[in-house]
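Participant: Using the sequences and the hints, build the whole thing.
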Amino acid sequence: MGLGKTITSLVGALSNPVNERILIITMSRNLNDWIREIKVLGYEDDYIQLKSPIDLSSNKRIHLVSYEKWSHDRIAFKSVLNSSCQQCDSKHSYNQNLQYCHHCKLKAEPSNELYTMETLPEECPCCSKQWKKKSMFCSCGFSVIKSRKKSLSSYFHRGYDAAIVDEGHYLKNGDSKRSKSIVRKVKTKRRTILTGTPAENGTVDLYWQLAWLTGCESSFENPFHREPFKGYGKMGAEHFRIYYGGGHNKTLLETDSIQARVSHQEELWKLLDTLMIRKNQQDRDVENFIRVPKPRHIRRHLEMIDADRKLYEDILRQFREWYINELNKKEAAIMKGKKYQINAIEVCTWLTKLRQAASCPWTFKEYQPSKLEQPTKIRYLIDKAKGYLKLGKKMLIFTSHKATAEQLGILLDGIIPGKQAGYIHGSVDMKYRFDLMNRFQDPNDNLSILVMTTRTGAESYTLTEAKAVFIYDMEFNAKKLQQCYSRAVRWGQTSVVDIHWMISVNTIDVNMHGLILSKQSGVDMAIDRQELDFSQVAKEFEGDEGIEPEDLDYEAFAADMLAAGTKREEIFSVS
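Going by the numbering used here, the first residue of the sequence shown is number 5, and it counts up by one from there.
Rather than coming from a laboratory, the hints here were simulated on the basis of the structure.
All the given hints hold, so there is nothing to weed out.
Pair ranges (Cβ atoms, derived):
1) Trp273 <-> Gly219: 16 to 26 Å
2) Glu370 <-> Ile246: 40 to 50 Å
3) Asp179 <-> Lys64: 25 to 35 Å
4) Gln134 <-> Gly219: 45 to 55 Å
5) Asp93 <-> Ser132: 10 to 20 Å
6) Ser139 <-> Lys55: 19 to 29 Å
7) Gln534 <-> Gly8: 14 to 24 Å
8) Ser139 <-> Ile246: 31 to 41 Å
9) Ser374 <-> Trp273: 50 to 60 Å
10) Ile419 <-> Ser97: 49 to 59 Å
11) Gly16 <-> Asp179: 26 to 36 Å
12) Tyr104 <-> Gly219: 53 to 63 Å
Here are the simulated BS3-like pairs of lysine-lysine, each with C-alpha atoms no more than 30 Å apart in a straight line:
13) Lys137 <-> Lys334
14) Lys435 <-> Lys423
15) Lys95 <-> Lys111
Ideal placement from N, C-alpha and C gives every residue a C-beta, glycine not left out.
Facilitator: See the structure below:
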């Protein structure tokens, strides 16, 4: 967030003479930032970047490593096996496993192309079974892996006196490799976590960070030496969530208002006061120094066109029919004395379909708009984009879906002659990615619209040339969306940035928006001790002419809009 966490933590650790060896774990994209600050402090000859197990034995004082190398096994992939003969192009006479053609009597040359997680085979070269998604092995024994070495965390030793973990919010999932490689492995006397967003989705995000800082181990019955904890690990995390996280919260489809997801916050504050030093952009001393204008939020509620509404209701009907069918299967299984569990992943898949139908209906084959109609959100986006571009203002757009990012980038390119658009998602080459961002930051460059996926956009990029930000569709992670629009609302921004939240009325968009505000309210209360001002947020709500009354009572209108989502009983009210 640009408030000096890196250099401050370095000075603190290096000024203590008992810290003879310091381990620093950060994201690979942040390594150069750390190296730069290390050199500024004059330690360019006393640091090492860990790349192999032997590096952990170095006598250098500072040991710097990326999360990726620290937590993930080092995998070397095999060469891609040819599926047909390179000479005669025959598949029938070609043994893919042996890479030998019986017709040509020739063995294929090894390919220069290697397997990756993105280019796994569709069928196993040995047994022709369909390849299981994201798996690196087949049941027949074939593997795409040439060699596999343990992660560097496996070689951790007690020779470190202090550890600094950057982007500590990544520890929130105790089951992840990243979290386990630190919480279970890194045992130093002095421990520091750096993060601009200690909690993203709720107070439970704090649990594993606090567990590592306080030195909890599996033998601890009560990690924080106070009730109501009854255990460590998943059980402790669940108790923490219930006690500090507002108990058992409403589900997505039950969300019809803003409900702060926090409880016993005063006790939580006392706990955090013993461990956390917090600075944010709203602090008076920080605000006076960085002087970033407050953004203007516009929470636009859009009435869907007929084609969009029909598609959404069709998907909703299909979801309901699927659920009824699942209930019938469950009832039949119970009658036979068997168990049947409705697949939670399938439920999430249907919820994703509803989200896509509300935002990018053109991705469905059955979508049938008239030739004169544009999808609801596209119509609004193009209208606003033309207005900003005519004023010479650049804009950012964030979406949760890769395909939507590509489509929007293509659609918006050239909507005004001479004004270009580009898109960035996780599959875009890093060099090209930075080229686009550098062009966007150049006020004289014609690249005026940059579309990014939320996962990619919530990184430490500076895009202050943007004067408007569009949240095209909702994301479950409230703080991630805040990080997205903070690409423009950050140090160096001199203008008031317009942030447009695009919400389709009577769809799951409304539920998502309410969930986001609830999470934001809970996190703000837990971490920054600030309650969400509903009267202020209500003034940010806008609607189309057909749904916004002339004599507008902002709070009443906001309450109505928050309640105008897809109801749980529309799907699950089956007896």
